[in-house]
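S.K.: Please model the entire structure based on the sequences and the hints provided.
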Amino acid sequence: MKRLDRWFYAPFPATRLASLRILVGAFSLGYLVLFSFEILAPLSFEAHRFKPIGIVSILSEPLPRFALILLYGLSLLLATAFVSGLRFAWTAPAFAISLLFLATYRNSWGMVFHTENMLVLHVIVLSLAPSADAWSLDHRSRLSKAPEDGRHGWAVRAMCVVTVASYVVAGVTKLRLTGWSWAFGEVLRTHIALDALQKIELGSFHSYLGAWMVQFAPLFAPLAVLTLAVELGAPLALIGGRMARLWVGAVWVFHVGVGAIMAIGFAYPLTGIAFAAFFAPERAFERLDRRA
Amino acid sequence: MRRARAYLICCGLIYWILEPAWRPTAPDSFPASSYPMFAYRPEDPWVFTVVGADSSGKEHRLSPSLITGSHEVMQAATTVQLAIFAGESAQSRLCRDVAERIAASELETLRQAKVIGQRFDPIRYFVDEQPFSTVRFDYAACDVPGPE
Chain A
0 MKRLDRWFYA PFPATRLASL RILVGAFSLG YLVLFSFEIL APLSFEAHRF
50 KPIGIVSILS EPLPRFALIL LYGLSLLLAT AFVSGLRFAW TAPAFAISLL
100 FLATYRNSWG MVFHTENMLV LHVIVLSLAP SADAWSLDHR SRLSKAPEDG
150 RHGWAVRAMC VVTVASYVVA GVTKLRLTGW SWAFGEVLRT HIALDALQKI
200 ELGSFHSYLG AWMVQFAPLF APLAVLTLAV ELGAPLALIG GRMARLWVGA
250 VWVFHVGVGA IMAIGFAYPL TGIAFAAFFA PERAFERLDR RA
Chain B
0 MRRARAYLIC CGLIYWILEP AWRPTAPDSF PASSYPMFAY RPEDPWVFTV
50 VGADSSGKEH RLSPSLITGS HEVMQAATTV QLAIFAGESA QSRLCRDVAE
100 RIAASELETL RQAKVIGQRF DPIRYFVDEQ PFSTVRFDYA ACDVPGPE
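Protein chains in written order, with numbering that gives the first Met the number 0: chain A, 0 to 291; chain B, 0 to 147.
Bear in mind the hints are in silico, worked out from the structure with no lab data behind them.
This structure is a prediction, so every number in the text was calculated from the model and none was measured.
Here a beta-carbon is modelled for each residue, glycine too, at the ideal position from N, C-alpha and C.
A few of these clues could be false.
What the hints assert, rightly or not - Pulled a few chain A residues facing chain B out of the computed Cβ check, cut under 7 Å:
#1 40
#2 106
#3 116
#4 150
#5 175
M.R.: Have a look at this one:
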């Protein structure tokens, strides 16, 4: 138990959590701006298509147009406050709730996407932790040189656990729905073919690489084994050090592969920000600061 | 107290994230998900879509934005699938929605929208290099409204 506590409540500098707040917050702000057409797409959806899930289940009918636009605008302001660490104790939980609601609302029209899950969970963790104790408008420089403390460490660990758990769930679901035969590759091959076929028939772009690869059946067993290894082997990353670097490298390559073979872009992991908690991102900020 | 709160938050999050793994066949949710999208074996692959037909009856594929009003292809696929599974009135309603979007678009040559389902062998589709469909079912058809 003591060992677990030493790991979980590890003393980290306030700047570690602050750098994660800035990175994840900046990504969230970029996501809200760049994907505004998708987030606001429900404005043009017919009300009968509304299928609320998660937190949005509190609604029995879609939000009025003005309410969605207002919530979106508010989320942009709260995201800016989150990144800059302004009135963090209030604005951060409010931002986490607004992002959770907006992302869930986007997923409440029949199709559940899986691209923002980890981002939303990371924002929730950061909003519940003292992530603005350094490099923020709330504490301009007061705590940036404060001694390392476990209260700045647990959220970093929690972000790593959230990341790892998400991949483990994806792996376990494959085993529960298909069994170990998923590793033979035929299920993966069929999904890649079906995904490309669906995109063609629905008038969208598809991955030519994935469509071409389908004809080579033996390619898919190694790809399926590697997928399961990355997902089920995720807890090894919690050991840290070389093991964490190895897993993060493998999972990043996995996402590059998914992008190339299925034309599905998981922007958050692909930027590397989803895995920043496994490293010491504050050092990069400090280097930038020294150069400036 | 701070430490206990930290443990409480982390344990709550772990339970929230891991819980869907125990019920992978339950409806998917967000942000806690079982990530079922590529986990199951697709036994009976149907592709559901809406196509447009011109005055000669020739069919044209429609973009996801015409089908659902969103650029997301999977959103379009799921919307059509849900409408088909919901029955005739949902199929007709989807057909009318799409026909109205066609009318508002620049696709002036399209006269009809059709909600269809095609059963494919997805591997043969690519390996044989021809759109190999074994079965097709037309669920609904409706006219594109003319200019007012």
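S.K.: Each hint needs a verdict: does it hold in this structure or not?
M.R.: Verification of the hints:
1. For the restraint placing residue 40 of chain A at the interface with chain B, the shortest Cβ-Cβ distance is roughly 4 Å, inside the 7 Å limit, so the hint holds.
2. About 4 Å separates the beta-carbon of residue 106 of chain A from the nearest beta-carbon of chain B, less than 7 Å, and the hint is met.
3. Taken as an interface hint, residue 116 of chain A checks out: its beta carbon lies about 4 Å from the nearest beta carbon of chain B, inside 7 Å.
4. Hint status for residue 150 of chain A relative to chain B: holds, with the closest Cβ pair at about 5 Å, below 7 Å.
5. Because the beta carbon of residue 175 of chain A sits about 5 Å from the nearest beta carbon in chain B, less than 7 Å, this interface hint is met.
Of the numbered hints listed earlier, not one is contradicted by the structure.
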